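In order, the protein sequences belong to chains A and B. If you read the first sequence in the numbering used here, its first letter stands for residue 1, the second for the next number, and so on. If you read the second sequence in the numbering used here, its first letter stands for residue 1, the second for the next number, and so on.
Think of the hints as simulated: they come from the structure by calculation, not from any bench. This structure is a prediction, so every number in the text was calculated from the model and none was measured. Take the hints with a grain of salt, since some may be wrong.
Computed spacing ranges between beta-carbons, pair by pair [as the list claims (entries may be wrong)]:
no.	chain 1	residue 1	chain 2	residue 2	range
1	B	Arg396	A	Leu549	15 to 25 angstroms
2	B	Leu385	A	His551	16 to 26 angstroms
3	A	Tyr431	B	Ser381	33 to 43 angstroms
4	A	Tyr431	B	Leu259	51 to 61 angstroms
5	A	Leu259	B	Leu423	32 to 42 angstroms
6	A	Ala566	B	Gln457	25 to 35 angstroms
7	A	Asp336	B	Leu423	44 to 54 angstroms
8	B	Gln562	A	Leu26	46 to 56 angstroms
9	A	Leu124	B	Leu259	49 to 59 angstroms
10	A	Leu210	B	Lys484	12 to 22 angstroms
11	A	Leu549	B	Val67	41 to 51 angstroms
12	B	Gln562	A	Ala566	24 to 34 angstroms
13	B	Ser550	A	Asp336	46 to 56 angstroms
Calculated cross-link-like contacts (lysine to any residue; reagent style SDA-like; alpha-carbon spacing at most 25 angstroms) [claimed, not checked]:
no.	chain 1	residue 1	chain 2	residue 2
14	A	Lys536	B	Val458
15	B	Lys484	A	Arg297
16	B	Lys432	A	Leu127
17	B	Lys484	A	Val279
18	A	Lys496	B	Ser287
19	A	Lys484	B	Ala201
20	B	Lys432	A	Asn129
21	B	Lys295	A	Leu127
22	A	Lys295	B	Val458
23	B	Lys295	A	Ala518
24	A	Lys484	B	Phe130
25	B	Lys432	A	Tyr463
26	A	Lys295	B	Glu491
27	B	Lys220	B	Ile170
Don't be surprised by glycine CBs; every beta carbon is placed ideally from N, CA and C.
Single-letter residue listing:
2 protein chains.
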Amino acid sequence: MGLGPTRSPMIEWARGYDRTTLSSDLTAAIIVTVMLIPQSLAYAALAGLPPQVGLYASIAPLLLYAVFGSSRVLAVGPVAVVSLMTATAIGDLARTGTEAYWTMAITLAFMSGLMLLLMGVLRLGFLANFLSHPVISGFITASALLIAAGQLKVILGLTVEGHHFIELAIGLLQQASQVHPLSAAIGVATIIILIWARRGAKPLLQRLGLGPKLSDALAKAAPVASIAVMAFFTWVNQWQDQGVRIVGAVPQGLPPFTLPSLDWSIWQQLALPALLISVVGFVESVSVGQTLAAKRRQRIMPNRELVALGASNLGAGVTGGFPVTGGFARSVVNFDAGAQTPAAGVFTAMGILLVTLLLTPALFYVPQAVLSATIVVAVLSLVDLRTLRSTWAYSRADFSAVVFTIFTTLAVGVEVGLMGGVLLSLLLHLYKTSRPHIAEVGLVPGTEYFRNVLRHQVHTSPYLTSLRVDESLYFANARILEDKVNAVVAERPLLKHLVLQCSAINNIDASALESLEAIDQRLREAGIKFHLCEIKGPVMDRLQRTGFLSHLSGEVYLTHYQAVAALAPDILD
Amino acid sequence: MGLGPTRSPMIEWARGYDRTTLSSDLTAAIIVTVMLIPQSLAYAALAGLPPQVGLYASIAPLLLYAVFGSSRVLAVGPVAVVSLMTATAIGDLARTGTEAYWTMAITLAFMSGLMLLLMGVLRLGFLANFLSHPVISGFITASALLIAAGQLKVILGLTVEGHHFIELAIGLLQQASQVHPLSAAIGVATIIILIWARRGAKPLLQRLGLGPKLSDALAKAAPVASIAVMAFFTWVNQWQDQGVRIVGAVPQGLPPFTLPSLDWSIWQQLALPALLISVVGFVESVSVGQTLAAKRRQRIMPNRELVALGASNLGAGVTGGFPVTGGFARSVVNFDAGAQTPAAGVFTAMGILLVTLLLTPALFYVPQAVLSATIVVAVLSLVDLRTLRSTWAYSRADFSAVVFTIFTTLAVGVEVGLMGGVLLSLLLHLYKTSRPHIAEVGLVPGTEYFRNVLRHQVHTSPYLTSLRVDESLYFANARILEDKVNAVVAERPLLKHLVLQCSAINNIDASALESLEAIDQRLREAGIKFHLCEIKGPVMDRLQRTGFLSHLSGEVYLTHYQAVAALAPDILD
Numbered sequence: 001m002g003l004g005p006t007r008s009p010m011i012e013w014a015r016g017y018d019r020t021t022l023s024s025d026l027t028a029a030i031i032v033t034v035m036l037i038p039q040s041l042a043y044a045a046l047a048g049l050p051p052q053v054g055l056y057a058s059i060a061p062l063l064l065y066a067v068f069g070s071s072r073v074l075a076v077g078p079v080a081v082v083s084l085m086t087a088t089a090i091g092d093l094a095r096t097g098t099e100a101y102w103t104m105a106i107t108l109a110f111m112s113g114l115m116l117l118l119m120g121v122l123r124l125g126f127l128a129n130f131l132s133h134p135v136i137s138g139f140i141t142a143s144a145l146l147i148a149a150g151q152l153k154v155i156l157g158l159t160v161e162g163h164h165f166i167e168l169a170i171g172l173l174q175q176a177s178q179v180h181p182l183s184a185a186i187g188v189a190t191i192i193i194l195i196w197a198r199r200g201a202k203p204l205l206q207r208l209g210l211g212p213k214l215s216d217a218l219a220k221a222a223p224v225a226s227i228a229v230m231a232f233f234t235w236v237n238q239w240q241d242q243g244v245r246i247v248g249a250v251p252q253g254l255p256p257f258t259l260p261s262l263d264w265s266i267w268q269q270l271a272l273p274a275l276l277i278s279v280v281g282f283v284e285s286v287s288v289g290q291t292l293a294a295k296r297r298q299r300i301m302p303n304r305e306l307v308a309l310g311a312s313n314l315g316a317g318v319t320g321g322f323p324v325t326g327g328f329a330r331s332v333v334n335f336d337a338g339a340q341t342p343a344a345g346v347f348t349a350m351g352i353l354l355v356t357l358l359l360t361p362a363l364f365y366v367p368q369a370v371l372s373a374t375i376v377v378a379v380l381s382l383v384d385l386r387t388l389r390s391t392w393a394y395s396r397a398d399f400s401a402v403v404f405t406i407f408t409t410l411a412v413g414v415e416v417g418l419m420g421g422v423l424l425s426l427l428l429h430l431y432k433t434s435r436p437h438i439a440e441v442g443l444v445p446g447t448e449y450f451r452n453v454l455r456h457q458v459h460t461s462p463y464l465t466s467l468r469v470d471e472s473l474y475f476a477n478a479r480i481l482e483d484k485v486n487a488v489v490a491e492r493p494l495l496k497h498l499v500l501q502c503s504a505i506n507n508i509d510a511s512a513l514e515s516l517e518a519i520d521q522r523l524r525e526a527g528i529k530f531h532l533c534e535i536k537g538p539v540m541d542r543l544q545r546t547g548f549l550s551h552l553s554g555e556v557y558l559t560h561y562q563a564v565a566a567l568a569p570d571i572l573d
Numbered sequence: 001m002g003l004g005p006t007r008s009p010m011i012e013w014a015r016g017y018d019r020t021t022l023s024s025d026l027t028a029a030i031i032v033t034v035m036l037i038p039q040s041l042a043y044a045a046l047a048g049l050p051p052q053v054g055l056y057a058s059i060a061p062l063l064l065y066a067v068f069g070s071s072r073v074l075a076v077g078p079v080a081v082v083s084l085m086t087a088t089a090i091g092d093l094a095r096t097g098t099e100a101y102w103t104m105a106i107t108l109a110f111m112s113g114l115m116l117l118l119m120g121v122l123r124l125g126f127l128a129n130f131l132s133h134p135v136i137s138g139f140i141t142a143s144a145l146l147i148a149a150g151q152l153k154v155i156l157g158l159t160v161e162g163h164h165f166i167e168l169a170i171g172l173l174q175q176a177s178q179v180h181p182l183s184a185a186i187g188v189a190t191i192i193i194l195i196w197a198r199r200g201a202k203p204l205l206q207r208l209g210l211g212p213k214l215s216d217a218l219a220k221a222a223p224v225a226s227i228a229v230m231a232f233f234t235w236v237n238q239w240q241d242q243g244v245r246i247v248g249a250v251p252q253g254l255p256p257f258t259l260p261s262l263d264w265s266i267w268q269q270l271a272l273p274a275l276l277i278s279v280v281g282f283v284e285s286v287s288v289g290q291t292l293a294a295k296r297r298q299r300i301m302p303n304r305e306l307v308a309l310g311a312s313n314l315g316a317g318v319t320g321g322f323p324v325t326g327g328f329a330r331s332v333v334n335f336d337a338g339a340q341t342p343a344a345g346v347f348t349a350m351g352i353l354l355v356t357l358l359l360t361p362a363l364f365y366v367p368q369a370v371l372s373a374t375i376v377v378a379v380l381s382l383v384d385l386r387t388l389r390s391t392w393a394y395s396r397a398d399f400s401a402v403v404f405t406i407f408t409t410l411a412v413g414v415e416v417g418l419m420g421g422v423l424l425s426l427l428l429h430l431y432k433t434s435r436p437h438i439a440e441v442g443l444v445p446g447t448e449y450f451r452n453v454l455r456h457q458v459h460t461s462p463y464l465t466s467l468r469v470d471e472s473l474y475f476a477n478a479r480i481l482e483d484k485v486n487a488v489v490a491e492r493p494l495l496k497h498l499v500l501q502c503s504a505i506n507n508i509d510a511s512a513l514e515s516l517e518a519i520d521q522r523l524r525e526a527g528i529k530f531h532l533c534e535i536k537g538p539v540m541d542r543l544q545r546t547g548f549l550s551h552l553s554g555e556v557y558l559t560h561y562q563a564v565a566a567l568a569p570d571i572l573d
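Given only the sequences and the hints, what does the whole structure look like? Please build it.
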């Protein structure tokens, strides 16, 4: 067995590592580090944690992902939706700012790490597939709105409580008269600058005569620059004395070594949130990783990703961090900046470590409204109205899943919203497959094709009825076929043969097999023969393991045409 | 609109009613009445209720079913499994023999009636389809074992508590030394007689010179005859003074007019059991009804059956009864005895009413061990080991659902067992469809057929890969296809075209559509074109409502052969 990508991805890329790769990875790392500083502070605040926790969560997890991950460019760390879920999970159990709150965040990261690791080892990555696109889209849209509403209160200098959208909205309206004008001005100005920087900064810098590559890199530094400018003004004017809340003292030094809580009741209370955080983080991370890997004809391995994200979160848990996953924006930046290997992640971790060791005093005067503005701008791009429009056009069932998930997440909360959405989409799927399309078909004259008698001019016979089921047969739809057959038999006194065309049947489970036996038995008692045709290979293999085919009152035909030619040649004329 | 079977089934059969039909129905009614007397007493005892309640439950429900039901021969009344479920539901809430216990049984029947009626009006009959055959089979087998174990304690004259199989079994073993020999002798003797009567009575009577029809009718009266004989011996020897428990005084007279409890907390506690009883009763009843209707080329309408069973249970609730449904054995007897119309049910109800008014004193000396013996013999035929064997051979997933349902029902209880089985079979189905068979296919030389490259000698090309998915695409399996495509692309540097054969795809949901879009996007970025072929009509209709086909990097081909002929003609050589 070779040391291919199924062994250790690290060995694979470390072998071919050279000066060019190093230079690409270093450049990408510098850009991502600059982007990650305000993000990690902001997402820590969103999760209800002190700013240094965001930095801690951006060091060890990156190193561990570089060792275990199968994506070459995925950038892990704190992300918006997972931070919101962290705040929701702990919000009811402990008060923000307390030691207990932080310990729970550490515990949550640790548990989520264990769960992801276990899912990876047991190869349970497929479980994430039960989060449908409509549910994810609805969930992320609603989370983004929740996050934006929550940050609005910080920007406006208000102290509204609550994790539900409606609570937040009502609270904001009630306190509208108490808005802190200076905070609001700082926040709104930052939002405007950041939105402009996304589109306008690069062209402006290029027009000023800078090269396209440098302009791009500088434009990506716009968030950090605007934070620096706002911090500078705050320091000059000592705005904190006028009520502008600032980040304040951030402890300098290495991330601490921490352990999760050993209180069993806390583990019980955090188990469900940890599971949901794990699954959502995994889905987000894998879809980013797959999109970027495919652009270079590389691939990622979902079960390997589970292990890597598990290790990252365990890493976050033992170094004072909180739950992390692969982030969309920063991974795209890493990719665009030319990162070639996970070493870029290692360099980014070193960059953040340097900041943690040396630069935290520079963060003292950063206004909290500026961090909130960073979050608002980041999450607004997550609001996905396109999916609402496209699912409405494509499928009402999928549309209702999106709307239900958005509404429940906003009205009740992230956990119920997510689980409700998953449950609804499962039920809708089962409902759909439980009412399969069953067509009565007839022979298209002059051909060997059979088509729906309701839609085409076809030949039929009073002695023979042909049915086609457009779905695999399983317990939820087996009886529908029985009903249909009973109805056909009851209304056709001359009937002698019933042919079931199985071309669309990918699977027949034990319930459906019993139904077919019951149908055969009842038809036999009514003097009608039951025939099958166009059975697929795997279905046939399985049927041959039973006595069904040998007891069948009729025959099994390879093609429908052969069946009709043998049983009712008058149709052929 | 004519007065067809979709209007009122009663009008349909009442029109053609004549002397012959009357005579057939009357004969059948007498045989069923004789059979129903011991059964209704026994099942009332099984449900923990006084004997007359069993009689009450066999009057009004039969009349109401005759008015609303769509089966001509279904015989409703108390049945074993539903009686066990009734005992389990109420057992924890009230003490057997109390007025409160009886009121709860009445409430349960009333609630179950309302639920069935509602399901019928809302046309929710399809919900019962989610009870798979393996789950029903496992549940009924386990229930039969539970019932038999419970009756064994009555036969042995013991007083073991508990509704779980293990509790019962341990209790029986612990009290083995306290067995009441006379009760045990009566019970065992009755069991032997009843088992013999099933097979041996009819031939014996025929050998004694009786006609086959009369022999058959008399053989069916064997249970009643053995009860009468045992009661006679008990009276002669006054066995009740020696500790043999007897039925005792059964109140004479019309069924009482009763109302359900109006205590909201009782409704809450009984809601789930009532729902489970409704669904199990409905499934049992419909499958009996369908089997018998098909024999005469008649049919039953599931949603109409819901209304009829709902009315029957409401009827049971307001006349002092307990939950009822269509019973297998008595319906078959009714059918075999020649019942032509539901009037047979009306006559049976009158027969039971006569017994209730006049004959209850004759039941005084019936030993309880005899009734228990009747139940044991009836339920042992429900133990279904054939399904265990056949599902083992056919599908391990279905087999595990049977075993899980049996085990959970025995170890934890009927409600958890049933719901656990349903949940497990849903999860297994989703798991199965979430990992569809995806085959890479190639052209069979000299034909236009495409087959799995792993199983057949086929032509392929390094520039073109053809994939066939044997399952509808939906959220749970959409990413598997992405993974597969990524893997193919990563290992084939020369690839220019990817063709997806859609012949087995009956449906594509919004998640799968997004996956296809993501696949197309990634392939495009890797310089590969994505083509589709053999899309089914309804799937095509739906895809055309989106922009997917117009943005597709490749083409849509009617047949796979056309696709390959256009894209990689070298394969055709």
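Note to self: For Lys295 (chain B) and Ala518 (chain A), compute the direct alpha-carbon distance and say whether it is at most 25 angstroms.
What the structure shows: 11 angstroms, holds
Margin query: Hinted pair, alpha-carbon criterion (25 angstroms max): Lys432 (chain B), Tyr463 (chain A). Please report holds or violated.
Written below: Violated, at roughly 38 angstroms.
Checklist line | Consistency of beta-carbon spacing, Leu259 (chain B) to Tyr431 (chain A), with hint 51 to 61 angstroms | finding: 36 angstroms, violated
Note to self: For a C-alpha distance cap of 25 angstroms, please report whether Lys432 (chain B) and Leu127 (chain A) respect it.
What the structure shows: 12 angstroms, holds
Next item on the list: Check the following: the C-beta atoms of Tyr431 (chain A) and Ser381 (chain B) are separated by a distance inside 33 to 43 angstroms.
Entry: Since the Cβ atoms of Tyr431 (chain A) and Ser381 (chain B) sit about 35 angstroms apart, the hinted range of 33 to 43 angstroms holds.
Notebook entry, point to check: Is the gap between the beta carbons of Leu124 (chain A) and Leu259 (chain B) within 49 to 59 angstroms?
Noted result: 52 angstroms, holds
Next item on the list: Take a look at whether the Cβ-Cβ distance between Arg396 (chain B) and Leu549 (chain A) falls inside 15 to 25 angstroms.
Entry: Roughly 20 angstroms apart at Cβ, these two residues keep to the hinted range, so it holds.
Check: Regarding Leu385 (chain B) and His551 (chain A), is the given constraint of 16 to 26 angstroms on their beta-carbon distance met?
Finding: 19 angstroms, holds
Notebook entry, point to check: Lys432 (chain B) and Asn129 (chain A): Cα distance at most 25 angstroms?
Noted result: Given pair Lys432 (chain B), Asn129 (chain A) holds - Cα atoms ~13 angstroms apart, limit 25 angstroms.
Notebook entry, point to check: Range hint 44 to 54 angstroms: satisfied by the CB atoms of Asp336 (chain A) and Leu423 (chain B)?
Noted result: Roughly 46 angstroms apart at Cβ, these two residues keep to the hinted range, so it holds.
Note to self: Checking one constraint from the list: CA of Lys295 (chain A) to CA of Val458 (chain B), max 25 angstroms. Satisfied?
What the structure shows: Given pair Lys295 (chain A), Val458 (chain B) is violated - Cα atoms ~31 angstroms apart, limit 25 angstroms.
Note to self: Quick check: does the Cβ-Cβ distance between Ser550 (chain B) and Asp336 (chain A) fall within 46 to 56 angstroms?
What the structure shows: For Ser550 (chain B) and Asp336 (chain A) the Cβ distance comes to about 28 angstroms; the hint is violated.
The structure shown violates the earlier hints numbered 4, 10, 13, 19, 21, 22, 25, 27.
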